Amino acid sequence: MGAKYVLQASQFQFLFDALTARGYQVIGPKLQDGAIVYDALSSVQDLPAGWTDQQEAGTYRLENRSDSAFFGYTVGPYSWKKFLHLPARKLKRGKSAEGEFHFVSENEEIPKLAFVGVRACELHAMTIQDKIFMGGIYRDSSYAERRENIFVIAVNCGKAGGTCFCVSMKTGPKASGGYDWVLTEVIEKDRHYFVVESGTGAGKEILAGEEILKELDCPLAAEAEIALSERIVEETACQMGRRLKTEGIKDLLYKNLEHPHWDEVANRCLTCGNCTMVCPTCFCASIAEITDLTGEKVERVQKWDSCFTEDFSYIHGGSIRKTAKSRYRQWMTHKLAYWIDQFGTSGCVGCGRCITWCPAGIDITEEAKGFYGDS
Amino acid sequence: MDPFLTIPFVIQRVKKETSDTVTLEISRPDDRVKTHSPAGSAFSFLPGQFNMLYVLGIGEIPVSISGDPNHPEKLFHTVRKVGAVSIALSLMEKGDRIGIRGPFGNPWPVNKAQGMDLLLMAGGIGLAPIRPVLYQVFPERDRYNRIGLLYGTRAPEDILYESEIKQWRSKFDLEVLVTVDRAAGDWKGNTGVVTTLISKVSFDPDRTLVMICGPEVMMRFSCLELQKKGVKPENIFVSMERNMKCSVGFCGHCQFGPWFVCKDGPIFSYDQVKDWIGKREI
Ligand SMILES: Cc1cc2nc3c(=O)[nH]c(=O)nc-3n(C[C@H](O)[C@H](O)[C@H](O)COP(=O)(O)OP(=O)(O)OC[C@H]3O[C@@H](n4cnc5c(N)ncnc54)[C@H](O)[C@@H]3O)c2cc1C
Ligand code: SF4
Ligand code: SF4
Ligand code: FES
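Protein chains in written order, with the working numbering: chain W, 1 to 375; chain L, 1001 to 1282.
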């Protein structure tokens, strides 16, 4: 574990400046259309200081806090995946003339991004997507290069949301790795500061992080400050709005693929696919052909896709998953069971987004309960 | 190398197999062009593997390689026209270009069958990925005991590779049994589903390796029947089919239970998939 420092809230802008000076574009939470989303920030002024969110199955509401905490809310509808596994991207470009054609891989501009405010569950989600795009014999070079060019400033959660269950998934609320810096925001009567710890390792971002710490001339954190920051995260861990039993869940779901409870969920599920769009680990995509009018220029474009569409599993003669039941089953069983076989980890990090943003209020933790009990 | 990069290949010959199926002979215009093949720089493949075939302006589909793995420089694909891309492929002529990415997927465990009886079962277009197995075993025919081919198709006029099958029969001591769903006129052969042929072919259940490719129900019933006859589930192999967009494990479309058919398959042992293959909408 690295040494811990104190960064005053009033100094926070200097951090932004130091990152900008090193060529990073700062991305972080900001208010937009009634929700907290991740987007480019021009200064600390853009952070939703003093705001918090109330989340429940199918509902999300912003409210004022009694203090001016920068990170006093949990996760919103967007996750960081939109900056790494882009919602839409050109795979390759081709030119054709008289039936002959030639393709080149798309040379993408890879931005240097500093993610500010990444939560513990989201760090885990990134590690999970790393396995998909970088962990096998094939490598998604766009993802890999984007991933190599981010500076990650994590934030330990100081408040859990109504739909959070990271404790059940062992992914939070304390960041356990995968960051360049981790902050814990502390608000005392008359003080507002961050306890800062830099990540371990010798990556160029970690080194840049240490350089920045020196530049900002932050003092080492006192024992009392460290203790307070740790207590905040411990308290968050006790506030989880949801819980999910995970013992033996893979075998439980494998045993119950034909359980009547799937029909019951299917009656409520609108197969809108919201849950897959907001989920930070969902990675499915489709690839389409785009041709200009002359047919001379062709692009192959990859876009996020959802296992909730009928087309997703189409093969000649009809889709494999025709019913809502089979599609919800595919999604939930993939998240909580298949994923373990595929990548050695659950596909769910307990962020609660799919619960909050489901128009039907379907709750993965509740649905899973439907299989315990009478298995 | 970028697994999405399509390499242009040239159609050398188009052979009409049946009313809805053609075999394309394809070659690389420039042998120095490397494919991303993990096997090495030259294009080589193993029986059961597939390529992604791309038609400019239309799209890309997975198609098994139906040619001889000992002569990978002559690439063969047998395509049945069912929709946009396969129809475009069936309309190709000598000199036309298509794009190729591959080969992808795992191969049939051909070597495992050495010293055993080898039983091949195909339904319809499913014969295409089985043909490379025959090409591989024929030059080393004496390493295998009995080799049988059970083939089911819709009608007598839909039989693929008909004249070739006749040659194999006499030349390589291959026992071939064909059945059709419906027959008109002078068909004197079998009718009915391919599983009915299992009891008509001789093999030693204890020492038989089976490879099956066809519609999922056909494969499932064949597996059940073979198991009844005493063939061990770990000696039965099937080739699965799912929608595929990327073929490298990124797009999620090809999922079948806990597997990605593109990278964990398409070949699975019945032992692996027996709890999944019968379930609906998996
Ligand atoms: C591993 C593998 C090997 C195959 N080998 C052969 C072969 O040797 N010969 C042959 O004729 N066919 C083969 N197929 C089936 C072939 O891929 C489909 O017939 C083809 O995708 C249909 O596409 P289409 O555009 O002509 O039809 P459409 O019905 O217009 O299909 C639209 C899209 O759906 C998807 N799709 C439709 N059917 C299938 C399918 N059966 N499998 C996967 N994706 C599908 C494709 O993305 C396709 O572009 C194979 C499939 C797989 C998965
Ligand atoms: S399944 Fe739901 S709770 Fe789990 S990671 Fe995805 S969005 Fe978050
Ligand atoms: S579970 Fe909810 S969010 Fe997901 S597809 Fe069904 S209705 Fe949409
Ligand atoms: S075809 Fe894309 S993951 Fe298998």
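Don't take each hint at face value.
For lysine-lysine, the following DSSO-like pairs were computed, each having C-alpha atoms within a straight-line distance of at most 27 Å [stated by the list, open to error]:
| hint | chain 1 | residue 1 | chain 2 | residue 2 |
| --- | --- | --- | --- | --- |
| 1 | W | 297 | L | 1015 |
| 2 | L | 1171 | W | 250 |
| 3 | L | 1229 | W | 322 |
| 4 | L | 1232 | W | 95 |
| 5 | W | 255 | L | 1166 |
| 6 | W | 82 | L | 1263 |
| 7 | L | 1171 | W | 303 |
| 8 | W | 322 | L | 1094 |
| 9 | W | 250 | L | 1279 |
| 10 | L | 1274 | W | 322 |
| 11 | L | 1228 | W | 95 |
| 12 | W | 131 | W | 214 |
| 13 | L | 1232 | L | 1016 |
| 14 | W | 92 | L | 1263 |
| 15 | W | 322 | L | 1279 |
| 16 | W | 90 | L | 1263 |
| 17 | W | 255 | L | 1279 |
| 18 | L | 1263 | W | 131 |
| 19 | W | 255 | L | 1228 |
| 20 | W | 255 | L | 1188 |
| 21 | W | 255 | L | 1094 |
A short, non-exhaustive set of chain W residues, derived as facing chain L with CB atoms under 7 Å [stated by the list, open to error]:
| hint | residue |
| --- | --- |
| 22 | 103 |
| 23 | 138 |
| 24 | 247 |
| 25 | 316 |
Since the hints were made in silico from the structure, they are not lab data.
Just so you know, these numbers come straight off a predicted model, no measurement behind them.
For glycine and all other residues, C-beta sits at the position ideal for the given N, C-alpha and C.
Against the structure, the hints:
1. At most 27 Å may separate the alpha-carbon atoms for a hinted pair to count; residue 297/W and residue 1015/L exceed this at roughly 30 Å.
2. Simply put, residue 1171/L and residue 250/W have alpha-carbon atoms about 51 Å apart, too far for the 27 Å limit, and the pair is violated.
3. This hinted pair does not check out: residue 1229/L and residue 322/W have alpha carbons roughly 34 Å apart, beyond 27 Å.
4. Of the pairs offered as hints, the one joining residue 1232/L and residue 95/W is violated, with about 52 Å between alpha carbons and a cut-off of 27 Å exceeded.
5. In summary, the hint linking residue 255/W to residue 1166/L is not supported, as the alpha carbons are separated by about 47 Å, beyond the 27 Å threshold.
6. Distance restraint check for residue 82/W and residue 1263/L: the Cα-Cα separation of roughly 25 Å lies within the 27 Å cut-off, and the hinted pair is therefore satisfied.
7. Pair hint residue 1171/L plus residue 303/W does not hold up; C-alpha atoms about 51 Å apart against a cutoff of 27 Å.
8. About 40 Å separates the Cα atoms of residue 322/W and residue 1094/L, which puts this hinted pair outside 27 Å; it is violated.
9. In summary, the hint linking residue 250/W to residue 1279/L is supported, as the alpha carbons are separated by about 17 Å, within the 27 Å threshold.
10. Between residue 1274/L and residue 322/W the alpha-carbon distance is near 22 Å, which keeps this suggested pair within the 27 Å criterion.
11. Simply put, residue 1228/L and residue 95/W have alpha-carbon atoms about 56 Å apart, too far for the 27 Å limit, and the pair is violated.
12. Restraint check: the Cα-Cα separation between residue 131/W and residue 214/W comes to about 34 Å, which exceeds 27 Å; the hinted pair is violated.
13. Of the pairs offered as hints, the one joining residue 1232/L and residue 1016/L is violated, with about 38 Å between alpha carbons and a cut-off of 27 Å exceeded.
14. With a CA separation close to 22 Å, the supplied pair residue 92/W and residue 1263/L stays within the 27 Å bound.
15. For the proposed pair residue 322/W and residue 1279/L, the alpha carbon gap of about 14 Å is at most 27 Å, so the pair holds.
16. Proximity of residue 90/W to residue 1263/L is assessed by CA-CA distance (about 23 Å); at most 27 Å being required, the pair is judged to hold.
17. At roughly 12 Å between alpha-carbon atoms, residue 255/W and residue 1279/L fall within 27 Å of each other, so this suggested pair holds.
18. Only pairs whose Cα atoms come within 27 Å are accepted, and residue 1263/L paired with residue 131/W is accepted, the gap being roughly 14 Å.
19. For the suggested pair residue 255/W and residue 1228/L, the alpha carbons sit about 24 Å apart, so the restraint of at most 27 Å is met.
20. At most 27 Å may separate the alpha-carbon atoms for a hinted pair to count; residue 255/W and residue 1188/L exceed this at roughly 47 Å.
21. Proposed proximity of residue 255/W and residue 1094/L is contradicted: the alpha carbons are some 53 Å apart, above 27 Å.
22. Restraint check, residue 103/W versus chain L: the minimum CB separation of about 5 Å is within 7 Å; hint holds.
23. Nearest Cβ of chain L to the Cβ of residue 138/W: about 4 Å, under the 7 Å cut. The hint holds.
24. The criterion of a C-beta within 7 Å of any C-beta in chain L is not met by residue 247/W, whose closest approach is roughly 19 Å, and the hint is violated.
25. Hint status for residue 316/W: holds, given a least beta-carbon distance of 4 Å to chain L, under 7 Å.
Comparing the model with each earlier hint shows violations of hints 1, 2, 3, 4, 5, 7, 8, 11, 12, 13, 20, 21 and 24; every other hint is respected.
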